[in-house]
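Chemist: Given the sequences, and given the hints that come with them, work out the whole structure.
Now for the letters of each chain:
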Amino acid sequence: MGLCNRYFYIYTRSGFRLLDVIFWPVMDLVVWGLIAKYFMRLNSDNPTAVSFLLGAIIFFNILNRAQQSISVSFLEDLWSRNLLNAFVAPITVAEFVASTFVVGLTQIFAVSLIMSVLAFCLYTFNILAISFALIPLFLNLLFMGWSVGMFTTALIFRFGHQAEALAWAVPFLIQPVSAVFYPVSVLPDWLQPVAYMVPATYVFEGMRAVLSGNVEIASYLLKAAGLNIFYFIAISIFFGAMLNSARERGALAKLVL
Amino acid sequence: MAADIESEVETIVSVEKLHKSFGKAVAIDEISFQIKRGEVVGLLGANGAGKSTTIQILLGLIAQTSGKVSIFGMDPWKKRVAVLQRCNFSSAYVALPYNLKVIENLDVFAQLYGVSNRKKKIEELLQLFEVDHLAQKMTGGLSSGESTRVNLCKALLNDPEFLLLDEPTASLDPDIADKVRKLLAQVQAERHMTVLYTSHNMRDVQELCQRVLFLHQGKIIAEGSSEAILSHFGQETLEEVFIAIARNQVTTSLLSGEHN
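For the protein sequence lines, the chains are A and B, in the order given. Mind the numbering: the first sequence is residues 5 to 261 in the working numbering, read in order. Mind the numbering: the second sequence is residues 753 to 1012 in the working numbering, read in order.
For the record, the hints were derived by calculation from the structure and aren't laboratory data. Since this is a predicted model, take the numbers as computed values, not measurements. Certain hints may be false.
[Unchecked claim] Straight-line Cα separation of at most 30 Å, DSBU-like style, residue types lysine-lysine; simulated pairs:
id: 1; chain 1: B; residue 1: LYS971; chain 2: A; residue 2: LYS258
id: 2; chain 1: B; residue 1: LYS769; chain 2: B; residue 2: LYS831
id: 3; chain 1: A; residue 1: LYS258; chain 2: B; residue 2: LYS871
id: 4; chain 1: B; residue 1: LYS769; chain 2: B; residue 2: LYS853
id: 5; chain 1: B; residue 1: LYS830; chain 2: B; residue 2: LYS853
id: 6; chain 1: B; residue 1: LYS820; chain 2: A; residue 2: LYS258
Modeler: Listed below in structure tokens is the structure:
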């Protein structure tokens, strides 16, 4: 609770942080929405193209925010030279990570709501058209985002400050093989098996299926959930191992001091 | 048997043959020491002597290569939360989040330490360190002296039985440093708190510490009261001892303290 309060103070106090959390997703939505409308004007064969693109932008933002809620929160503590105070407080690493989950969830709800309202007002795209599938699709992206965030933070434990850029880069490294804006079939044959190892692929394919009127997406959801559970467990173990390795090498002390 | 139990209870920190190497570089070379309840022990040494590594091992930030550390009779890594609940830490080099008000920062840490009646506790500490007028000020806007005193408020929130202080008076002017020293001495005496203190300010150490551990190249080369150490090395001040050891101008034959 104390850690959540701390993040609440940090985010509500800093106009620039709020700008960072809200500005980029909204700009993405506006720019990509306009591009999609333009393409629609050029070629109106597929009227769902705008919906696909706007849905993808809103959904990718969920993944990106969930990831950043862990990795960027960790970096902010590092930069403010406060991490040591948090590390030597009587809280477990799991509690520390869980507080970033909660903060991320709050951010995602707020930003997704703003984006959904804007998408409806500007482009008459209704995210609720996804109906009941919205919740499991959302949860799958959230879990994948948290796993990616823990993985990124573990890499910062391993490689130190030089790996900081990964906090922003990793979701975009995964994006081309996550079927965010296009179906897996568009990828070269040799890259498709890689895409099928990414939980987000099934979420975005599922989202497009629902928007195309296909209500049967249980297999997408199950595959995404199965992969998410596997990655969450594997990455939690990797995170613990990197933390211990950082303690043994003295890298943790160098990071937090 | 009863005496054994009493001795066990009274030893707050026990370090046995602690060794830490980073690859081939030895940072700490099988040091052993104990700190009893209510003692204020100074950990001194030149840069690279091993004092930061020792403190970081006690705080669970670095894992030792070999040897045993126990705080309150517990392994500080395996029983991390139980140990840290009864400890606290303050360093001139560790900040509180700059974009929170002083009162918000202290409230957050009071929650993390599970302090009951947080508001009253925070007010008491802010008054004790004469920084109550800063409660609504942003932490990032504090001067070094104010920041040090707010950090000390944070370090005393949970009434720690064992307090680690890493150069708490670094970067303070002599007036504020003197105030901080006197306040620390007062709080330590009132609460019978155990303190491990590192500083490059020998005046701090001479005034506050009942016992001093001198580290040199990863080994404890002298342990005892300031007077005993001065006498052993034939110097007038701890600063002279420090310089002589750092420059290898004295034979670093071991001076054992009363706890060895």
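Chemist: Hinted pair, alpha-carbon criterion (30 Å max): A/LYS258, B/LYS871. Please report holds or violated.
Modeler: 34 Å, violated
Chemist: Does the alpha-carbon distance linking B/LYS820 and A/LYS258 stay inside the 30 Å limit?
Modeler: Given pair B/LYS820, A/LYS258 holds - Cα atoms ~22 Å apart, limit 30 Å.
Chemist: Does the alpha-carbon distance linking B/LYS769 and B/LYS853 stay inside the 30 Å limit?
Modeler: Since the Cα atoms of B/LYS769 and B/LYS853 sit roughly 43 Å apart, the hinted pair is violated (cutoff 30 Å).
Chemist: For the pair we were handed, B/LYS971 and A/LYS258, check the Cα-Cα distance against 30 Å.
Modeler: Distance of about 22 Å is within 30 Å: holds.
Chemist: Holds or violated: B/LYS769 and B/LYS831, Cα atoms, limit 30 Å.
Modeler: 20 Å, holds
Chemist: Can you confirm whether the C-alpha distance between B/LYS830 and B/LYS853 stays at or below 30 Å?
Modeler: Roughly 34 Å separates the two Cα atoms, so the pair is violated.
When held up to the earlier numbered hints, the structure conflicts with 3, 4, 5 and fits the remainder.
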